[in-house]
Amino acid sequence: MSAPAAVPGAAVPRTGGGRTGPPAAVPRSVVLGLTGLAGFAAVQEVAPRLLHLPADVLPPLSSILAALATEVRTAAFWSAVEATLLQWALGLGLAVVAGVGAGVVIGSNRVLRRMTASTIEFLRPIPSVALIPLAVLQFGTELRSALLLIVYASFWQVLVQTLYGVADVDPIAEQTARSYGLGRWARVRYVLWPTAQPYVATGVRLAASVALILAITAELIIGSPGLGQEINSAQSGGATALAYGLIMVTGIFGLVINVGVRAVERRMLRWHVSVRGETV
Amino acid sequence: MPRAVTRAGQILALPVALVALWWWASDGSTSIYYPPLRRIVDIFPDTWLAGGTDARLLTDVVPSLVRLAVGYGLAAGVGIGAGLLIGSYRALRELTEPVLEVFRAIPPPATVPLLVVLAGIDNLMKILVILFGCVWPVLLNTVEGVRAVDPVQADVCRSYGVTGTARIRHLVLRSASPQIMTGMRQSLSVGIILMVISELVAASDGIGFTVVQFQRTFAIPEMWTGIIVLGLLGTGLSLLFQLAENRLLGWYHGLRRAHRHE
Chain U
942 MSAPAAVPGA AVPRTGGGRT GPPAAVPRSV VLGLTGLAGF AAVQEVAPRL LHLPADVLPP
1002 LSSILAALAT EVRTAAFWSA VEATLLQWAL GLGLAVVAGV GAGVVIGSNR VLRRMTASTI
1062 EFLRPIPSVA LIPLAVLQFG TELRSALLLI VYASFWQVLV QTLYGVADVD PIAEQTARSY
1122 GLGRWARVRY VLWPTAQPYV ATGVRLAASV ALILAITAEL IIGSPGLGQE INSAQSGGAT
1182 ALAYGLIMVT GIFGLVINVG VRAVERRMLR WHVSVRGETV
Chain H
4 MPRAVTRAGQ ILALPVALVA LWWWASDGST SIYYPPLRRI VDIFPDTWLA GGTDARLLTD
64 VVPSLVRLAV GYGLAAGVGI GAGLLIGSYR ALRELTEPVL EVFRAIPPPA TVPLLVVLAG
124 IDNLMKILVI LFGCVWPVLL NTVEGVRAVD PVQADVCRSY GVTGTARIRH LVLRSASPQI
184 MTGMRQSLSV GIILMVISEL VAASDGIGFT VVQFQRTFAI PEMWTGIIVL GLLGTGLSLL
244 FQLAENRLLG WYHGLRRAHR HE
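Those sequence lines, one after another, are chains U and H.
Counting in our numbering, the first sequence runs from 942 upward without gaps.
Counting in our numbering, the second sequence runs from 4 upward without gaps.
The following block holds chain H by itself, in its conformation from the complex (with noise of 0.2 Å):
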């Protein structure tokens, strides 16, 4: 197994030795800011394991991750709803589309302030803040892959009689799924973002309200604490979308393949 040492080792290697570089280089610092690594680790579990029912994990990290799940499904229904319908009519995409890429445009944390003042500081507003800025790549991105559909197979399906669900289903969805899942990745990272944002701006809960208490009130190993429970979040929704997205496209990534070996 010579080879698979290998390359577990350069996948492992430079992780490695970048923590223990970070480890090395911090044990003993007596910076305020930058506390030792050793330090972090200790009081990790004590800040978000501990406390059973009252651990920040459930009591933070879970509420960020439900309205990050609220309002990306949501945006996700109504991107690709709406996505559907307006690709599928080329006079509604033309009425449409540059009133769209004027929202696109809209840098979404901008519109946080306003959602603050119509939806109070809620649940309501953090998850408005999600939809609103996760739904145009959504949306814009399934247009685009409604407008690709291959004209032969749309032949073939009209000539076979497949119409109504049938045809959203099996012919305009799948075509346009390779699109649709390149728009929910660029939404997901914004959301992300958007989830930290909504709670910076005003919250009692959540993640990125905690991180913010805990650099105010100069918690500094805490509030490292926080920063890699996000990093780690981050990786991990972005690991399981890639899972997700290589079980749903599977067939689309053997196509590719096979057209590329030919």
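If we strip away everything but chain U, and leave its shape as in the complex, we get (with noise of 0.2 Å):
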């Protein structure tokens, strides 16, 4: 134990004096969540054979991966692919758009915002999956049945999350704004969005996953195209090992949605301190 204790305040520069590491190691957080997916994979082929599991039960990850890789070859696959991903899209777009309009109307006028704050309280947390019978009435398995419940869904995660944020804003700056003489439209360009915009884009984070649940629900209960129903088709045809490669493409989805949506979020707030990282 000779080797000089680390002393506080005395940057130690820690590659280049270790024993045997690369000089540009790998982050240890990478190596050992690499480990662990792959220690997953692992468990997820052999633990079925070593337990003699049926196959309809848990197949093992290489025959989920064949039985996926003829999928993706099927034009069906792509167009289930495509419509998902449509339905989310525009459910989502919707409702991020109807969900800050609203939201900074509401938060920026006092007397609207008591009225409505408990009918909001009221109509936020009512699942949309109630909608469901009544979409199925009305629009059958459209593309619109699926929207209903995507767009109810999510408008509310955005709506409450625009009025946190309208609610936050600085009444100093509205002031010198206000003295300075902008206008109504420009005080909403220049003091209400940049403080509102951190808080919309958590409301849109959540209202991204929100929706590619609900669309997936459609898909399967109401039977709208798309994965859901895919899931739906090869389970009850007998192709789990099918069923489970599809469970895993949407949860691909959901990760490239959770880690897209972080990093525009990142780009977009660059001049937040919340994202820009003070350096003292």
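No lab work stands behind these hints: they were computed from the structure.
Cβ coordinates follow ideal geometry from the N, Cα and C atoms, glycine included.
Among the hints, erroneous ones may be present.
For the chain H half of the interface with chain U, some residues (derived, Cβ under 7 Å), not all of them [stated by the list, open to error]:
hint : residue
1    : TYR36
2    : GLU97
3    : PRO101
4    : VAL102
5    : ALA108
6    : ILE195
7    : ILE200
8    : LEU203
9    : GLN218
10   : ILE230
11   : GLY234
12   : THR238
13   : SER241
14   : LEU243
15   : LEU246
Hints in hand, dock the two standalone chains.
Shown next as structure tokens:
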């Protein structure tokens, strides 16, 4: 133990001084994370074989991937992917536009805010799946059925976050803008919107994953075309490995959406304190 | 008391106006899908409350709520337990985080067809569906909360020899509780959705099952009462959660307020 102990304040360069570590090592968290994923994949491959699980309970990973590899060559798979993503994007887009619009209008008017608070609190927790029977009767398996569910569920996420954001506007900034004679529109653009933007981003992030859940639900329950319906028919056709594979695909979509929305958020908010990171 | 009156007016005005508008606009409606609200309200007691022990409130609403409670309770237990463990060890966290993120990203309804095959169409399947959907937000938020324990408080605990369960109870759980509650709030709304979905796929009782029965037999006013029951349930549960949170996190909200008024 003759090595110099870490002296507080003295920045000891960590690379280069190690025993055998490469100079630009991959971060430990990445190595461990990949190990975890590989370990999980190995268990998924070996456990069904060792435990002799029937293939319709848990097939080994290799046969899931094989089934998926055959599936991605079919046109049906890609049209299902397209249908799911279209529903998701349209629903989320409509919900964001409506949520932000309503949020800014309601949030910037005190009377309106107080008048609507109870109604919003009542309507928001209503599970959107309660609308399924109505959607089925009214629109059948059309796109509008799925959109109704998706928009209803994601709208509240965006609206409530926008309201929080608008309520957070610094009164001094608002008064300064007024003193300088900024009009209503300019105040929305230069005072209200920058304040609300991080909140809106959070709302959009929450809404993006909710929208995917509801898109899959609509396909599964109502039978709108898409991945949910494919999973259902794979399962009822006894193609369990394919059903697992398709669920994996929805998981990958979920992951890409999470990561993607976060990346967009960081880019749009790169001026904001929470993202900028203070280097003092 | 003019102020209280104004306040009550602001809370009640819009809901009353909306219900009145619905009542007025639908009155005399001959559309099959949008029956008059008057008729929906008329048949509501008969549909859900009448029949003594055979009332749908007991034969459908209660089983749904029991399954939700069991699934949600298990998810909270597993999520907080595993979250405490994973959050406390950095290596474990780094090892498991990507796998957990993948599982969290799977839209829970997608697993319903598989769980039907694995666990049949009974209560077990529905509880598993709810458990699978609810566990991830609790787990990942607990991990984050445990990670963010104030190092100074952790040092103080160590100096005073607070270890083991006392440390977990008074330091770790306490400081992670705002995050845990955030996770549980997300889980609750997912859980209600999954409760309904699991009953739509295959069931012999439950609110979701009943509502779809009404829809398939074109008992449209009855279907509307079901939608209203689901809405009331969602709102009621979220209100209950709010009350529980205010009780459990009263200290935290107070602290936040105090900091803001500094």
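Structure-based check of all given hints:
The interface hint given for H/TYR36 is met, as the beta carbon of that residue sits about 5 Å from the closest beta carbon of chain U, less than 7 Å. Interface hint at H/GLU97: satisfied, since its Cβ lies 4 Å from the closest Cβ of chain U, which is below the 7 Å cut-off. A distance limit of 7 Å between C-beta atoms decides the matter here; for H/PRO101 the minimum to chain U is near 4 Å, and the interface restraint holds. Hint status for H/VAL102 relative to chain U: holds, with the closest Cβ pair at about 5 Å, below 7 Å.
A cut of 7 Å between beta carbons decides the hint on H/ALA108: the least distance to chain U is about 3 Å, and the hint holds. Residue-level restraint check for H/ILE195 holds (minimum Cβ-Cβ distance to chain U is 5 Å; threshold 7 Å). A cut of 7 Å between beta carbons decides the hint on H/ILE200: the least distance to chain U is about 6 Å, and the hint holds. The beta carbon of H/LEU203 comes within 5 Å of a beta carbon in chain U, closer than 7 Å, and the hint placing it at the interface holds.
Because the closest C-beta pair between H/GLN218 and chain U is about 4 Å apart, less than 7 Å, the hint holds. This hint holds: H/ILE230 has a C-beta 5 Å from the nearest C-beta of chain U, less than the 7 Å allowed. Hint status for H/GLY234 relative to chain U: holds, with the closest Cβ pair at about 4 Å, below 7 Å. Evaluation of the H/THR238 hint against chain U yields a held restraint, the C-beta minimum of about 5 Å falling below 7 Å.
Nearest Cβ of chain U to the Cβ of H/SER241: about 4 Å, under the 7 Å cut. The hint holds. Among the interface hints, the one on H/LEU243 is violated; its C-beta lies about 11 Å from the nearest C-beta in chain U, farther than the 7 Å criterion. With its C-beta approaching chain U no nearer than about 13 Å, H/LEU246 sits outside the 7 Å limit, and its interface hint is violated.
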